[in-house]
Amino acid sequence: MLSLANQFVVRATRLFLAAAGEPALWTVSAHGRVVGSLVCQNGAWRLSWFNGADRRLTSYAGPVGGDVEGLAESLSARLGAPVRLESQPV
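Just so you know, we're using numbering that gives the first Met the number 0 here: the sequence shown kicks off at 0 and counts up by one.
Treat the hints as calculated values from the structure; they're not laboratory data. The structure presented is a predicted model; accordingly, all values stated were derived computationally and were not measured. Note that CB positions come from ideal geometry on N, CA and C, so glycine has one too. Treat the hints with care, as some may be off.
To be verified - Simulated restraints, written as ranges between beta carbons of each label pair:
hint	residue 1	residue 2	range
1	Gly-42	Gly-79	30 to 36 Å
2	Glu-68	Gly-42	15 to 21 Å
3	Ser-58	Thr-26	15 to 21 Å
4	Ser-47	Glu-21	15 to 21 Å
5	Asn-41	Ala-80	31 to 37 Å
6	Ala-80	Ser-47	15 to 21 Å
With the hints as extra help, turn the sequences into a complete structure.
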C-alpha cells in the first residue's frame, strides 16, 4: 500500500513540475537501451526517437503530455515489453 502511495506522490510531483513551465527531460528505454527522449519545454511536449528504435515505438501517434507513467504503459503495451521513462536533470 505504501508503494502505491509513493508512486502517486511521484506521479503528481512530475505533473506539477511539468505544468509549472519548468523544462523537463526523460529518457525512453526499451530492452535495456535508450531509444528516445521525452521533453517538455514551455508547456510543449515532444517525443523523439533515436536511430534504431523499434518501429512499434516510432509509429506511436497517441497523446503525449503530462502523464508520463501513462505514456510508458501505452508504449509498453505497443512494444509488448517494458518501456521505461526516466527523469533526467535539466
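We went through each hint and held it up to the structure:
A hinted range of 30 to 36 Å holds for the C-beta pair Gly-42 and Gly-79, which are about 32 Å apart. Checked against the hint of 15 to 21 Å, the pair Glu-68 and Gly-42 passes, with Cβ atoms roughly 19 Å apart. As the Cβ distance of Ser-58 to Thr-26 is approximately 20 Å, the hint placing it in 15 to 21 Å holds. Ser-47 and Glu-21 have their C-beta atoms about 19 Å apart, which keeps the hinted 15 to 21 Å range intact.
As the Cβ distance of Asn-41 to Ala-80 is approximately 33 Å, the hint placing it in 31 to 37 Å holds. Separated by about 20 Å at the C-beta atoms, Ala-80 and Ser-47 satisfy the suggested range of 15 to 21 Å.
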